[in-house]
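Protein sequences appear in the order of chains A and B. If you're matching positions, the first sequence starts at 1 in the working numbering and goes up one per residue. If you're matching positions, the second sequence starts at 339 in the working numbering and goes up one per residue.
One should not assume that every hint holds.
[What the hints assert, rightly or not] Within a straight-line C-alpha distance of at most 25 Å, the following computed BS3-like cross-link-like pairs (lysine-lysine) qualify:
1. B:Lys-412 <-> A:Lys-122
2. B:Lys-509 <-> B:Lys-546
3. B:Lys-412 <-> A:Lys-74
4. B:Lys-412 <-> B:Lys-509
5. B:Lys-460 <-> B:Lys-676
6. A:Lys-338 <-> A:Lys-259
Keep in mind the hints are simulated off the structure, nothing from the lab.
Now for the letters of each chain:
Number of protein chains: 2
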Amino acid sequence: MSDQLRQPSPELFFETVNAYQRTATIKAALELDVFTAIGEGRRTIQALAARCETSERGMRILCDYLVILSFLTKVNGQYGLTQDSALFLDRRSEAYIGNATEFLLSPMIMDGFEDIVAAVRKGGTVIPEDGTVAPENPVWVKFARGMASMMALPAKLIAKFLDIGDGRNLKVLDIAASHGLFGIEIALLNPNAEVVALDWPNVLEVAKENAQNAGVSERYSTLEGSAFDVNYGNGYDIVLLTNFLHHFDPSTCEGLLKKVHASLAAGGRVVTLEMVANEDRVSPPIPASFSMIMLASTPRGDAYTFSELQRMFENTGFLHNELHQLPPTMQRIVISHK
Amino acid sequence: MSDQLRQPSPELFFETVNAYQRTATIKAALELDVFTAIGEGRRTIQALAARCETSERGMRILCDYLVILSFLTKVNGQYGLTQDSALFLDRRSEAYIGNATEFLLSPMIMDGFEDIVAAVRKGGTVIPEDGTVAPENPVWVKFARGMASMMALPAKLIAKFLDIGDGRNLKVLDIAASHGLFGIEIALLNPNAEVVALDWPNVLEVAKENAQNAGVSERYSTLEGSAFDVNYGNGYDIVLLTNFLHHFDPSTCEGLLKKVHASLAAGGRVVTLEMVANEDRVSPPIPASFSMIMLASTPRGDAYTFSELQRMFENTGFLHNELHQLPPTMQRIVISHK
Numbered sequence: 001m002s003d004q005l006r007q008p009s010p011e012l013f014f015e016t017v018n019a020y021q022r023t024a025t026i027k028a029a030l031e032l033d034v035f036t037a038i039g040e041g042r043r044t045i046q047a048l049a050a051r052c053e054t055s056e057r058g059m060r061i062l063c064d065y066l067v068i069l070s071f072l073t074k075v076n077g078q079y080g081l082t083q084d085s086a087l088f089l090d091r092r093s094e095a096y097i098g099n100a101t102e103f104l105l106s107p108m109i110m111d112g113f114e115d116i117v118a119a120v121r122k123g124g125t126v127i128p129e130d131g132t133v134a135p136e137n138p139v140w141v142k143f144a145r146g147m148a149s150m151m152a153l154p155a156k157l158i159a160k161f162l163d164i165g166d167g168r169n170l171k172v173l174d175i176a177a178s179h180g181l182f183g184i185e186i187a188l189l190n191p192n193a194e195v196v197a198l199d200w201p202n203v204l205e206v207a208k209e210n211a212q213n214a215g216v217s218e219r220y221s222t223l224e225g226s227a228f229d230v231n232y233g234n235g236y237d238i239v240l241l242t243n244f245l246h247h248f249d250p251s252t253c254e255g256l257l258k259k260v261h262a263s264l265a266a267g268g269r270v271v272t273l274e275m276v277a278n279e280d281r282v283s284p285p286i287p288a289s290f291s292m293i294m295l296a297s298t299p300r301g302d303a304y305t306f307s308e309l310q311r312m313f314e315n316t317g318f319l320h321n322e323l324h325q326l327p328p329t330m331q332r333i334v335i336s337h338k
Numbered sequence: 339m340s341d342q343l344r345q346p347s348p349e350l351f352f353e354t355v356n357a358y359q360r361t362a363t364i365k366a367a368l369e370l371d372v373f374t375a376i377g378e379g380r381r382t383i384q385a386l387a388a389r390c391e392t393s394e395r396g397m398r399i400l401c402d403y404l405v406i407l408s409f410l411t412k413v414n415g416q417y418g419l420t421q422d423s424a425l426f427l428d429r430r431s432e433a434y435i436g437n438a439t440e441f442l443l444s445p446m447i448m449d450g451f452e453d454i455v456a457a458v459r460k461g462g463t464v465i466p467e468d469g470t471v472a473p474e475n476p477v478w479v480k481f482a483r484g485m486a487s488m489m490a491l492p493a494k495l496i497a498k499f500l501d502i503g504d505g506r507n508l509k510v511l512d513i514a515a516s517h518g519l520f521g522i523e524i525a526l527l528n529p530n531a532e533v534v535a536l537d538w539p540n541v542l543e544v545a546k547e548n549a550q551n552a553g554v555s556e557r558y559s560t561l562e563g564s565a566f567d568v569n570y571g572n573g574y575d576i577v578l579l580t581n582f583l584h585h586f587d588p589s590t591c592e593g594l595l596k597k598v599h600a601s602l603a604a605g606g607r608v609v610t611l612e613m614v615a616n617e618d619r620v621s622p623p624i625p626a627s628f629s630m631i632m633l634a635s636t637p638r639g640d641a642y643t644f645s646e647l648q649r650m651f652e653n654t655g656f657l658h659n660e661l662h663q664l665p666p667t668m669q670r671i672v673i674s675h676k
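Just chain A, with the same shape it has in the complex (with noise of 0.2 Å):
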């Protein structure tokens, strides 16, 4: 219905308020398994009550939100999962990212929201020390524990779509690496490449871990520090700048970029994975409201727009870039050439 045709209506509001009990209900949910429990067979209240070790009245609740927020189906009384619940709040299976709440709900994440009006005040983060991009904010080791699960997809994604399949020689560097799994899975899909991964010396233990479980340590190096200081090396055919450059401004973002075209091969790339807001800034909803995370979170982050990317690359250097979907996520890629 047009704004114009139906009757004035508070539940926006309301509903908007009340927003913080979606976030409540979903982390308990997860961490009774409920969405496991349910994958099993289990049903009924009953049956998951005794399962999840609940009163039967909360479970009852509890789920029938759970339906109201479209995680659950309820048919005749009895409870099912959507597909993407089965596939991704299952713990039995390989998508599982209910993890992911490691990171996007601790407490430096969300203390960023307790004071808004100071942050816009501000125009920027009020928590002490920078907020998330403080050196070696261990934030960092719970992003690489949490969002491992669901930048697993993304990451086979890019390493399918950068077409390196045939075994070329291939040097990759990984900046602010986290959990590793960009590099890793180039190196799994080309087994000449070799990875350099970048990071605080605390997250790279997650993804030497990581390079270890997929059996690619040999080919995988690490340099310990930050982005900004670090010497990278050069002849790179690969710069990985996956979920960085949206906690800097572009005048930070460029500093790094004329070091990242120094550090690249003749015809080297780099892949640019971002929460891309469109032009308007308000679309696609999950990208463009990044910006408003990264108020909370970061001294002067954003949700930069394909254009605004575009500019930062342009201004140091690089010769033409590329935005591409990365369906079914939620985030884009820019391809930029040297």
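Put chain B on the given structure of chain A with help from the hints.
Chain B only, in chain A's frame:
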């Protein structure tokens, strides 16, 4: 798109985990009075930042997020109010409901969502002393002050619905009167209506203030105490039971309804205003999800279905019950006849 046809997506999970950010943002927008500033004609980031004393960068990110959430429009970089935001969130509007956050986001309500796992296990609130239903809980003064704006419309609609504007003598009991608006609107519509308002003494101060402002004080008296203990008197034509039964379990409700039945004159009516869930308990979204608020904040409260309410009234001697919508509000009324 049907759930079967579209690609799997982690979007719902991501949005739900981050939903608390919506709460934080609407709260900040109201505190900064952004809606009023736009209503006054400030439509650019520069003008809004100046008026609300914020950074331009923070205001831009805030306003874009409010567009994403559908509170604002954005056309050619200029922001505007939606119909609902103009009516409900511009402080100059008579229907302004922004101060409802004083109650909706009071610690007493929000604390109940700190540990939903524990509430689901227990089957009721884990807030000490029975949560919001503790005697003389000061949260009800916040309700009376903050929620009056949201209850003004249902109060008018109910008074009109009751068809009592003909000047007949009318004795009205308003149980858990809070701001008093439900009784006051009846007194405004019928000059021979006498209203008795029952609530905790601290809450009745708000009701008396509102009765005074409405010019009906002479026909407005009060009964201090708990609705479960106080002697109501008798001979009432109408008993108002607004936003009350959902706090208690059915047997507690029935204990109260017996008292209510005894207090009514022959042919008397009870008006119950409630978040009434459909029989499936998962629709309509707002009333059905109200169960979760009751789980988090009361020992045994619920968003009852019509058949559950009907059973309580039938068990306590009422002859028949009618369910009525109260558009455009989110609530419904049940009229029960002695």
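Each hint, compared with the structure:
Restraint check for Lys-412 (chain B) and Lys-122 (chain A): the C-alpha separation of about 23 Å stays at or below 25 Å, so the hint holds. Proximity of Lys-509 (chain B) to Lys-546 (chain B) is assessed by CA-CA distance (about 17 Å); at most 25 Å being required, the pair is judged to hold. Pair hint Lys-412 (chain B) plus Lys-74 (chain A) does not hold up; C-alpha atoms about 38 Å apart against a cutoff of 25 Å. The suggested pairing of Lys-412 (chain B) with Lys-509 (chain B) is violated, with an alpha-carbon distance near 51 Å, which exceeds 25 Å.
Restraint check for Lys-460 (chain B) and Lys-676 (chain B): not satisfied, since their Cα atoms lie roughly 37 Å apart, outside the 25 Å limit. Pair hint Lys-338 (chain A) plus Lys-259 (chain A) holds up; C-alpha atoms about 12 Å apart against a cutoff of 25 Å.
When held up to the earlier numbered hints, the structure conflicts with 3, 4 and 5 and fits the remainder.
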